[in-house]
Structures are given as structure tokens and as C-alpha cells.
Amino acid sequence: MRFQDAARDGRAVVYAGIQADPLVARAADALADAARDERILARAVMNGGSTDPTHWMAMFPALFGPAADAAARARSEAVLAVSLEVADRGDAARSQFRGAIVEELTARLLARRVGPAAVRRERRILFDGVRAEIHPYDVTVERDGDAEAYDCKWGARGIGADVLHQLDDARVHAVDEETALRVALVVFDAERSCAVRLARSTAPSAGTTIVALETLDGLATVR
Amino acid sequence: MTQGIGITVEAVIERALAAYAALAEVGEEIDDEWSYIQDLSEAWRDRLEAVAAARGSETVDPSIDDAIERAIDEIGGIEDPHRAIDWLSTFPQVTLLALGERP
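These protein sequences, in sequence, are chains A and B.
First residue of the first sequence: 2, per our numbering; consecutive thereafter.
First residue of the second sequence: 9, per our numbering; consecutive thereafter.
Mixed in with the good hints there might be a few duds.
Claimed, not checked - To give an idea of the interface, some chain B residues facing chain A are shown, with a C-beta separation under 7 angstroms as derived from the structure: (1) Gly14; (2) Asp47; (3) Val59; (4) Arg63; (5) Asp74; (6) Ala79; (7) Ser97; (8) Gln101; (9) Leu105.
Worth flagging that the hints you see were computed from the coordinates, not collected in a lab.
Since we're looking at a predicted model, the values are computed, not measured.
Just so it is clear, CB atoms sit at the ideal spot from N, CA and C, and this is done for glycine as well.
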């Protein structure tokens with residue numbers, strides 16, 4: 002098993018521009034330090050129609066009400082501000098930004114556990130005698146004898162047969178080569194919604210870890 | 009916004025579920041996702057109904073009533089079925105958080 006940078010077609014070049022936008026990094030910074038409820042706030046605002054911060058502050062009284070402590074409120078305000086910036090980019094761009102933010106957040110959380118040098122982006126995984134997948138994995142952890150591959154989705158609806166097959170194929174090929182490869186799908190959505198989506202799927206998922214919004218912090222602490 | 013005085017958990021969840029049902033109808037415009045929408049809606053409706061069953065007679069603070077009313081307003085303006093499907097997951101989470109419940 003070996004890793005390789007993905008070749009960039011036109012679409013990938015455009016998306017790379019989104020990934021490199023400073024807004025993506027700032028959003029990932031804010032979300033990496035956020036708690037579950039603040040991440041739900043981000044999900045709502047980045048999905049939302051209103052760009053009025055007072056509307057969202059009123060919708061999340063536990064985060065912005067008088068009972069919120071100063072540190073938590075500061076985190077919530079940072080999440081709200083950056084989420085509104087994403088929403089303000091317009092419907093066409095925001096879906097790309099949201100995807101890039103989930104990827105960057107995943108990379109940052111993983112880096113806390115394995116160090117930034119081991120975390121790579123947009124990589125293909127090659128196996129002897131196996132035709133390589135066209136689509137790269139969003140995030141990989143590449144260490145000798147200890148590799149991980151992640152795809153990232155904004156919502157549970159993104160859990161589809163294609164991505165589940167791709168992740169499971171890589172896992173199976175790694176087993177064939179007697180190499181360790183953990184595969185996971187990171188979904189910035191509730192566990193309940195992910196479970197519903199998975200229940201409808203006939204694609205293989207037993208060997209794929211689903212990392213939902215509630216369990217994101219496990220990327221930084223648990224292999 | 010509605011007045012929160014005397015509003016119960018059961019009443020706000022009843023309003024939320026009515027808005028949620030209308031949101032599901034918007035999402036159903038995506039034919040391929042019809043079954044997913046039914047399952048997703050049922051899963052979250054069950055969760056909200058469980059909260060109503062456990063805390064239904066409890067009175068909510070006006071700020072919570074306002075929070076849920078704002079969430080209802082937010083989804084009430086959605087016309088795009090793709091956004092509606094996204095909010096079929098998001099709206100119950102926001103509602104449950106407002107009520108101090110785990111999603």
C-alpha cells in the first residue's frame with residue numbers, strides 16, 4: 002500500500018482555491034475548539050437563510066443567554082461570526098466552503114493526535130495489482146504501519162454507496178496486503194441522522210467508522 | 009413572536025412538529041430521497057415526541073419559546089428542497105438544544 006498525490010483536473014484546481022481560502026482555515030480553527038452545541042450552531046447558520054446575528058443568538062439561548070459563561074460565549078460568538086461569513090458567500094459557493102471546512106476541521110483534529118506532518122490531503126491509495134480509484138481521499142494519516150483514510154461530508158445525506166464502497170475497498174485491499182488501514186467517514190451532522198442514512202444503504206459499512214458531529218473530538222484523541 | 013408565559017413543552021413541540029411536517033413536504037420534491045425523508049422525519053419526530061411525553065406539562069421560559077419560534081420561522085422560508093433536507097436534520101437538533109435536551 003502506498004499513497005500518492007491526486008492528479009488535479011480543472012474541477013480540483015477550482016476546489017483547491019476554495020480549500021486555500023483563509024475563511025476555511027478560520028472556520029476550522031473556530032470549530033476545532035468548539036463544543037457540540039457550538040458546532041450545531043455552525044451547521045444551522047451555514048445552512049441558514051438569515052445573516053442577522055441577533056436572529057441566531059436568540060435561536061441558541063443556551064449559548065448566548067445570561068447563563069453562558071464568558072469563555073463559552075466567546076467561542077460561540079467566534080463560531081457565529083465565521084459561520085455567517087460562510088453563509089454570506091451565497092448559495093452556490095457555500096456548499097463548497099462547507100465541504101472544505103469539514104475536511105480542514107478533520108485534518109486539524111487528526112493533527113492534534115498524530116502531528117501535522119502525518120496528515121495529508123487529497124491523496125490516492127495504491128495497492129499492488131489493483132486499479133487505483135480515481136477520486137482521492139479527503140484526508141489521510143500516513144505513518145509507517147499505521148495509516149488512516151477519511152472522507153468528509155457536510156450532511157448525512159452525503160453518505161452514499163460510492164463513498165462507502167471506496168472506503169471499504171481500500172480497507173479490504175489493505176487487509177489483503179496485511180497492512181493496517183483504518184477507514185472512516187466524517188459527517189458534520191447528528192449521529193441520529195447518520196444512522197438513518199446508513200440503515201437505508203446496502204453498501205458495506207461494517208468496517209468503516211462513522212464520525213458524527215457529536216464524536217468529532219475523538220479524531221484528536223482516539224484511534 | 010409568541011408570548012412564552014404559560015407555554016408548555018408539549019405546546020412548543022407540537023408547533024415544531026407541524027412546521028417540521030411542512031418542511032418534509034418541501035424536501036419530498038426530491039423523488040430519490042423520498043424514503044430517506046420519511047425515515048429521517050420519523051426518527052427525529054420520535055425523539056421530539058419522547059421529550060414531549062417526558063416533559064410535556066413543563067412551562068418553558070419565554071427565551072426558549074422565542075428560540076423555537078425563530079427556528080420555525082427559519083424553516084418556514086425554505087423553498088429549495090435540498091436545503092429542506094439539510095434542515096430536516098438541523099431543525100430538530102436546534103429545537104432539542106433550545107429545550108436543553110441532547111439531540
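Problem set entry | Violated constraints from the hint list, given by number and in increasing order | 1, 3 and 4
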